[in-house]
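A.B. asks: Just so you know, the protein sequences line up as chains A and B, in that order. Read left to right, the first sequence gives residues 38 to 504 (my numbering). Read left to right, the second sequence gives residues 38 to 504 (my numbering).
These are calculated hints, taken from the structure and not from any lab test. Hints may be right or wrong, so weigh each one.
Since the list can't tell identical chains apart, any single copy or any two copies may satisfy a pair.
Claimed, not checked - Calculated cross-link-like contacts (lysine to any residue; reagent style SDA-like; alpha-carbon spacing at most 25 Å):
{"#": "1", "residue 1": "435", "residue 2": "485"}
{"#": "2", "residue 1": "151", "residue 2": "79"}
{"#": "3", "residue 1": "435", "residue 2": "204"}
{"#": "4", "residue 1": "240", "residue 2": "106"}
{"#": "5", "residue 1": "435", "residue 2": "140"}
{"#": "6", "residue 1": "151", "residue 2": "222"}
{"#": "7", "residue 1": "432", "residue 2": "493"}
{"#": "8", "residue 1": "237", "residue 2": "227"}
{"#": "9", "residue 1": "151", "residue 2": "308"}
{"#": "10", "residue 1": "237", "residue 2": "420"}
{"#": "11", "residue 1": "435", "residue 2": "45"}
{"#": "12", "residue 1": "151", "residue 2": "284"}
{"#": "13", "residue 1": "151", "residue 2": "403"}
{"#": "14", "residue 1": "151", "residue 2": "402"}
{"#": "15", "residue 1": "151", "residue 2": "462"}
{"#": "16", "residue 1": "151", "residue 2": "392"}
{"#": "17", "residue 1": "151", "residue 2": "420"}
{"#": "18", "residue 1": "435", "residue 2": "221"}
No experiment lies behind these values; they were computed from the predicted model shown.
2 protein chains.
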Amino acid sequence: MSRPTPLSGFPEWLPAGRVVEQHVLDVLRRTFELHGYVGIETRAVEPLDQLLRKGETSKEVYVLRRLQEDPARAEADRSGSLGLHFDLTVPFARYVLENAGHLAFPFKRYQIQKVWRGERPQDGRFREFVQADIDVVGLGELPYHYEVEIPLVMAEAFAALAGVGMPPVQVLVNNRKVVEGFASGLGLTDVDGVLRAVDKLDKVGPAGVTALLATEAGADAAQAAAVLELAAVRGGDLDVIDRVQALAHRHGAENELLAQGLEELAALVGAAAQRAPGVVLADLRIARGLDYYTGSVYETVLVGHENLGSICSGGRYDALAADGATTYPGVGLSVGVTRLVSRLLSAGLVRATRSVPSAVLVAVSTEQDRAASEAIAAALRARGIPVEVAPSAAKFGKQIRHADRRGIPFVWFPGAVDADGVRAPGQVKDIRSGEQADADPGVWSPSDEDRWPRAVPAAYAEGAPTP
Amino acid sequence: MSRPTPLSGFPEWLPAGRVVEQHVLDVLRRTFELHGYVGIETRAVEPLDQLLRKGETSKEVYVLRRLQEDPARAEADRSGSLGLHFDLTVPFARYVLENAGHLAFPFKRYQIQKVWRGERPQDGRFREFVQADIDVVGLGELPYHYEVEIPLVMAEAFAALAGVGMPPVQVLVNNRKVVEGFASGLGLTDVDGVLRAVDKLDKVGPAGVTALLATEAGADAAQAAAVLELAAVRGGDLDVIDRVQALAHRHGAENELLAQGLEELAALVGAAAQRAPGVVLADLRIARGLDYYTGSVYETVLVGHENLGSICSGGRYDALAADGATTYPGVGLSVGVTRLVSRLLSAGLVRATRSVPSAVLVAVSTEQDRAASEAIAAALRARGIPVEVAPSAAKFGKQIRHADRRGIPFVWFPGAVDADGVRAPGQVKDIRSGEQADADPGVWSPSDEDRWPRAVPAAYAEGAPTP
Chain A
38 MSRPTPLSGF PEWLPAGRVV EQHVLDVLRR TFELHGYVGI ETRAVEPLDQ
88 LLRKGETSKE VYVLRRLQED PARAEADRSG SLGLHFDLTV PFARYVLENA
138 GHLAFPFKRY QIQKVWRGER PQDGRFREFV QADIDVVGLG ELPYHYEVEI
188 PLVMAEAFAA LAGVGMPPVQ VLVNNRKVVE GFASGLGLTD VDGVLRAVDK
238 LDKVGPAGVT ALLATEAGAD AAQAAAVLEL AAVRGGDLDV IDRVQALAHR
288 HGAENELLAQ GLEELAALVG AAAQRAPGVV LADLRIARGL DYYTGSVYET
338 VLVGHENLGS ICSGGRYDAL AADGATTYPG VGLSVGVTRL VSRLLSAGLV
388 RATRSVPSAV LVAVSTEQDR AASEAIAAAL RARGIPVEVA PSAAKFGKQI
438 RHADRRGIPF VWFPGAVDAD GVRAPGQVKD IRSGEQADAD PGVWSPSDED
488 RWPRAVPAAY AEGAPTP
Chain B
38 MSRPTPLSGF PEWLPAGRVV EQHVLDVLRR TFELHGYVGI ETRAVEPLDQ
88 LLRKGETSKE VYVLRRLQED PARAEADRSG SLGLHFDLTV PFARYVLENA
138 GHLAFPFKRY QIQKVWRGER PQDGRFREFV QADIDVVGLG ELPYHYEVEI
188 PLVMAEAFAA LAGVGMPPVQ VLVNNRKVVE GFASGLGLTD VDGVLRAVDK
238 LDKVGPAGVT ALLATEAGAD AAQAAAVLEL AAVRGGDLDV IDRVQALAHR
288 HGAENELLAQ GLEELAALVG AAAQRAPGVV LADLRIARGL DYYTGSVYET
338 VLVGHENLGS ICSGGRYDAL AADGATTYPG VGLSVGVTRL VSRLLSAGLV
388 RATRSVPSAV LVAVSTEQDR AASEAIAAAL RARGIPVEVA PSAAKFGKQI
438 RHADRRGIPF VWFPGAVDAD GVRAPGQVKD IRSGEQADAD PGVWSPSDED
488 RWPRAVPAAY AEGAPTP
């Protein structure tokens, strides 16, 4: 077999990269669980007709068939065939409907799994990637305060990751009710047309949006100017609410929907200013997703890495799922874990302290005496210290190099047995400092920092000042 | 959307079942890491020609195509198409070859991922399931002692799971060199034929195997009887080695390969008798896999659930992977996590203490005072206590029922604010005992047992005596 080459769009990490990814996943899981979110996993496949309900994503879906299956028959019977899920929202909605009788609502769940999209791979876009989602889903109703909670849980997770070198984030929030209320207050009825136009602001600029608002939403120059004024409002405190209110007053665009949207946005911005100061920004130009979300909408940028796009997006659905009798409103956010970790690694922001779990390599004096090394290793493991035993009774210099190459900080030398069969105490060597001392495997411990491999700021590792 | 129904062969757990599965996964991960195994993940897909190298598994493979792709073209270009991996060994071998220059050998890795097989689903057989693998792979050579280590690591993981209600296991081991050496010592040259016949012992009985040995391996009655005598040898101490030696002596079947195999088997059985007494059994009838493994072979049964089949199998390969210049010998074991967890749940052996992470529900007095409840929750979380805040300021009785339904043991009542704006201390109620007392969220903690949901023996939960 010749040396295989990577598949574009299907990233894999070397062991040290996986330490960083695992740290990110562990922090997300712990944060979600501290907030009471229940971990679930769904199968990787869904019936194709379920995956295609939204229509627009059809070209991204990977369809499965068994190798021995007749392809023509599978094609004809499309409704029965299976595809890989392209997000965790569609499977979660299905899980809720399937198990509604066994779940307690409001149901708070997290879900960390791979998803697949047959897209053209590019920087930050993958064909296989990990998402980490939290959602709260209600039975018939879902109080607004969960729209405040969800981005604050994520802000807390990202704050916990700042310690290992992840740049700060900005969570950008908007609310469909504000934009829809404002637009209809201006006399514009094609709200989706307005949203599509505003969404192009970065690409086509204000003049381009004005033209689009005219052709797509029938807006005259004054209406377009007002929409652009709204889209320019951005800020992290309650002042943004006043500014939108003043704008609506000036354009005679006040109405009940707008007032309700502003009340919601104010609750979110107000709580965020207290609980995660500087992280959450109301940004009235955020329009992506407002066509299917019904209340709050969220995007998240990594400060200094805005070109990566959003690393965490979501919003409120009035009907995440529905069966004949019942509607299940929901609100959720999804972290693009692979996109984030890929940047943390490729930009040299975070590194692992070592590429193996072991804090200690127990040396082997002779193959005949391997059991003595195994016994030392077992005693250390029983006390929660990760240990490996040297692969062979090579010269100690070679065994030390074995540890050094893997970043294992300590090498343990078993004591020799004297002529009377009495074993001398072993010694442990810190191979970074060269310090070596007698040690008892029932007592000795590495420092907390050395016990497990850790993710750390990469710049810190280079000797640069700690941020 | 009508209520969806489960897909046969694609199991999913309700939240309490997922707590049990997550516990199993956490114990496996921790045990593997304590022994120095590096965690990696590989992509879910491999090129189809790689997946089909073994030939026999072809009908199990799920092939992928993008929905918009021309199926005729994809079919013609089969070598370029992708399939879902059906185990973690093929992807690991490919990962080793692809990254050999970046890995330090011997490379010890663990890998916990889903795999897919398009088989007909039945009890204990799934189309999507989780495997947890450990392997050690060497560069050119791999010392025998890793064949001793691998099953002992697994035995340690299973022992750690006994505390939550998993039945004991028996790890059954054999060695290709013993069977091959014995068979060739008898004058039988078609070793694979001998192995295939012995593998059918359970199905066709001794007379059937004798007939198969004649037709498949050209064995006469005396040779067949000797093979059956070998297959009957089973035991957990070094006595088994003596028995095989005596048998070989009696049949004049002694040779160097047999001696080497027995020396290896003795090393494994001897170490296991010391480090995991009663768990590892030499069983000379274990033949499954001996056609592709080259040394040790392992199977694991759950005592009292032998009908489930092996929950953890593997062995030694002299060439796990190979490129032009180099061979990478390996030894590994793979836990069928879904098969195991499915049985632990369906047989009522293990249950979760609750279905949500939260140890505490903070009640909400009025919606206006929700921030006070959020502040209490934040103070508890900062000390590592999982907490959720009540969804609405319903009557306290309803809020307590909310906790009770989820198994949340504690409800926290924020203190009221008096006319002077001074807040009284809050109180925490253990809703199991009804006990209620003043509490400070900066100091109070649940017991270690109550802090997180745990997996526990289900029988214990019913009030039965602890095993």
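A.B. asks: Could you work out which of the previously given hints the structure breaks and list their numbers from low to high?
C.D. replies: 1, 3, 4, 6, 7, 9, 10, 11, 12, 13, 14, 15, 17, 18
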